[in-house]
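Student: If you read the sequences in order, they're chains A and B.
The C-terminal residue of the first sequence carries number 304 in this note's numbering, and the numbering is unbroken.
The C-terminal residue of the second sequence carries number 132 in this note's numbering, and the numbering is unbroken.
No lab work stands behind these hints, which were simulated from the structure alone.
All clues given are correct.
Examples of chain A residues lying across from chain B (beta carbon under 7 Å, computed):
1. Gln214
2. Leu215
3. Ile231
Okay, the calculated bits of chain B under chain A, using three or more residues with CB under 8 Å as the criterion:
4. 56–66
5. 72–85
Quantities reported herein were computed from a predicted structural model and do not represent experimental measurements.
Ideal placement from N, C-alpha and C gives every residue a C-beta, glycine not left out.
As a plain string of letters, each chain reads:
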Amino acid sequence: MKHIITSIFAGFLLIASLGVHAGPEEDRKALIDHYKQILPNIEFDDYVLGALAMNPEAKEQYDMVMEFPAHEADVRQGGVHWEKPFRNGNKFASCFKYGGINAAASYPYFDEKAGRVITFENAINDCLKVNSEPEIKYGSKEMALLTAYAKSLSDHAKVNIKVKGAGALAAYEKGKQFYYQRQGQLNFSCATCHVDNAGKYIRSEQLSMMIGQASHFPLFRAGTEAVTLQARFVGCQKNTRAEPKEINSAEYNNLEYFMSYMSNGLKMQTPVFRK
Amino acid sequence: MRISSTVLFSLILSLGISIPVMAAEGDGATGQSLAFDRNKGNCLACHAIPNDAKATSPGDIGPALIGMKARFPDRAKLRAQIWDATVNNQRTSMPPFGRNKILTEAELDQVTDYIYGL
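The following block holds chain A by itself, in its conformation from the complex (with noise of 0.2 Å):
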């Protein structure tokens, strides 16, 4: 008896070693071969096109509304804050690597100096500041419509975000924590309705799968309504009960961190429309 205890317990131990040694890269794949499963029929590139690549006739109306999308004219006005020299002279692009071609791809990244999490929207404030420049507020639409413009500066750009050193093994870690914990009074989990539902519907709304969520914020919905990533957060937070956290907390910058992580390799589009 003491036997057979002994080794349920060492082999709990050794599932849960398993566990523990199982990266971020494992669980990328593991996602992948989970939705090759339940979406046979969608190919990894079109990830980035959510509940679109399960619905012709909605990718058919998306084509058609990216011809001549509505928030053309809000991304130039983003373009246009990009290109305006501050009062030192600098612009935005003198913070960024090659001019910010390319920039947004690999954010968020880890900053081990800084112990944390850096999000696109923090280099942008980051850069206002070292500028002395006030900063734009998060989740604002002046910042979704900067950056709207900002990250098509890396359109086709694959997303390449790295998990390197404890400090970001453990941010990468709470993101998924956060995304696989049920909460509120409902009891869901991102999970429970991106993962596990990814391509079910929910009344009449076909659930996306998370593996290309990250890749193509802020969007616009119904046209002209610009939307970051993290307003998007609250939007699925409010709607399924569970408190909502604050833009730019800890917690959603860990959780955009791990998201972008499983977005890594399909190619970034800034920005979408979406009803």
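Got chain A sorted already, so can you dock chain B onto it with the hints?
Tutor: Only chain B this time, still in chain A's reference frame:
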């Protein structure tokens, strides 16, 4: 387009804040209305109810609710499934309506009676 889709989605599972007592007991709520109400059971978010013509545009996350007396000869087991689905399946997507007080005990009885009759 914008209003309809945003409102539609936020209604799907929104907090009952705006209309908290709309379907409270005693003001004409039935098992059916509680099961349909997006702020109460909202069973249609996930289940088709093929025997009820009023049960339109359902989701497909859970199995169709049909032939319930055959599936659950024991009404108490049906009620228990609705009260807390995580007992039978820890990984279930179905919210624990009784345990988390999404429905009151009286409302849960009404919903159970309605589902039992399907």
